[in-house]
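**Student:** Take the sequences, apply the hints, and build the full model.
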Amino acid sequence: DDKIHISILIDSERGLLYMDNLLKFLFYYQKPFHFDFKHCCISDLCDKIGDDSSHYKDRMLYIYPTVFHILTNNKSSSYLIHFLNMWKLHNVEYYFYEYNTYLDRLQRIVSKHPSGAKPFVKLLLPEILPPSVNKVCHHLLYDTIL
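Using our numbering, the letters of the sequence shown map in sequence onto residues 1 to 146.
Hints were generated in silico from the structure; no laboratory data involved.
Just so it is clear, the structure is predicted and the values come from calculations on it, not from any experiment.
Careful, some of the hints might be misleading.
Derived CB-CB ranges, DEER-like [to be verified]:
| hint | residue 1 | residue 2 | range |
| --- | --- | --- | --- |
| 1 | Met86 | Gln107 | 16 to 22 Å |
| 2 | Ile109 | Phe25 | 28 to 34 Å |
| 3 | Glu127 | Pro65 | 21 to 27 Å |
| 4 | Asn91 | Ser115 | 27 to 33 Å |
| 5 | Pro130 | Lys75 | 20 to 26 Å |
| 6 | Lys112 | Leu17 | 38 to 44 Å |
| 7 | Glu98 | Leu22 | 18 to 24 Å |
| 8 | Ser12 | Leu123 | 18 to 24 Å |
For lysine to aspartate or glutamate, the following EDC-like pairs were computed, each having C-alpha atoms within a straight-line distance of at most 20 Å [stated by the list, open to error]:
| hint | residue 1 | residue 2 |
| --- | --- | --- |
| 9 | Lys122 | Asp104 |
| 10 | Lys122 | Glu98 |
| 11 | Lys112 | Asp11 |
| 12 | Lys75 | Glu127 |
| 13 | Lys24 | Glu13 |
| 14 | Lys75 | Asp11 |
| 15 | Lys75 | Asp20 |
| 16 | Lys75 | Glu98 |
| 17 | Lys24 | Glu93 |
| 18 | Lys3 | Asp104 |
| 19 | Lys3 | Glu93 |
C-beta atoms are modelled at their ideal positions from N, C-alpha and C, and glycine is treated no differently.
**Tutor:** This is the structure we're talking about:
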């Protein structure tokens with residue numbers, strides 16, 4: 001499976017901003033928003049600097065499919081659905097999971113964290129994520145409630 005699975009826990013506007021920055025960074029790094037070398041207005045300049053552009057052309061040929069597993073509440077999920085649909089991203093899947101349904105199981109954990117038990121929801125990822133996602137240890141977990 002060559003998909004990139006990213007699990008994200010979002011429960012606030014600040015978390016939505018982190019998500020925005022994460023998406024921009026991730027897709028910029030994967031190069032789908034970079035210019036087309038043949039139609040670039042500075043392509044002549046690039047040719048004069050050197051022909052090292054083949055490295056970037058090779059990387060642009062394939063964009064890894066990305067799957068977001070977003071743990072959030074109803075308020076944030078409606079904004080995120082609008083946000084992700086507005087971008088119209090190709091090779092991107094996203095799934096929402098309501099984290100409030102799992103908080104009851106975590107209330108016995110004593111935490112001085114301002115968010116209470118919410119950050120511990122990530123401990124339940126093996127149960128939350130679908131069986132098609134084989135190993136939780138292969139995921140990047142981006143926790144926005146630090």
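**Student:** Tell me if the straight-line CA distance from Lys75 to Asp20 falls inside 20 Å.
**Tutor:** holds (16 Å)
**Student:** How does the Cβ-Cβ distance of Glu98 and Leu22 compare with 18 to 24 Å: does it lie in that range?
**Tutor:** With a Cβ separation near 21 Å, Glu98 and Leu22 satisfy 18 to 24 Å, so the hint holds.
**Student:** Does Asp104 lie within 20 Å of Lys122 when you go C-alpha to C-alpha?
**Tutor:** Answer holds: Lys122 to Asp104 is near 14 Å, not above 20 Å.
**Student:** Against the 20 Å threshold, does the CA-CA distance of Lys112 and Asp11 hold or violate the hint?
**Tutor:** Satisfied, since the Cα-Cα distance of roughly 18 Å is no more than 20 Å.
**Student:** Honestly, do Ser12 and Leu123 meet the 18 to 24 Å range at C-beta?
**Tutor:** 20 Å Cβ-Cβ, so the 18 to 24 Å window holds.
**Student:** Does Glu98 lie within 20 Å of Lys122 when you go C-alpha to C-alpha?
**Tutor:** holds (12 Å)
**Student:** Is the hinted range of 27 to 33 Å satisfied by the C-beta distance from Asn91 to Ser115?
**Tutor:** holds (32 Å)
**Student:** Between the alpha carbons of Lys75 and Glu98, is the straight-line distance 20 Å or under?
**Tutor:** Holds, because 10 Å separates the two Cα atoms, which is no more than 20 Å.
**Student:** Check the hint pairing Lys24 with Glu13 against an upper bound of 20 Å on the C-alpha distance.
**Tutor:** holds (17 Å)
**Student:** Verify the proposed pairing of Lys75 with Glu127, using a straight-line Cα cut of 20 Å.
**Tutor:** Outside the cut-off at roughly 23 Å; violated.
**Student:** Can you tell me whether the CB distance of Met86 to Gln107 sits inside 16 to 22 Å?
**Tutor:** violated (36 Å)
**Student:** So the hint says 21 to 27 Å: do the beta-carbon atoms of Glu127 and Pro65 match that?
**Tutor:** holds (24 Å)
The structure is inconsistent with the numbered hints 1, 6, 12, 18, although it conforms to all the rest.
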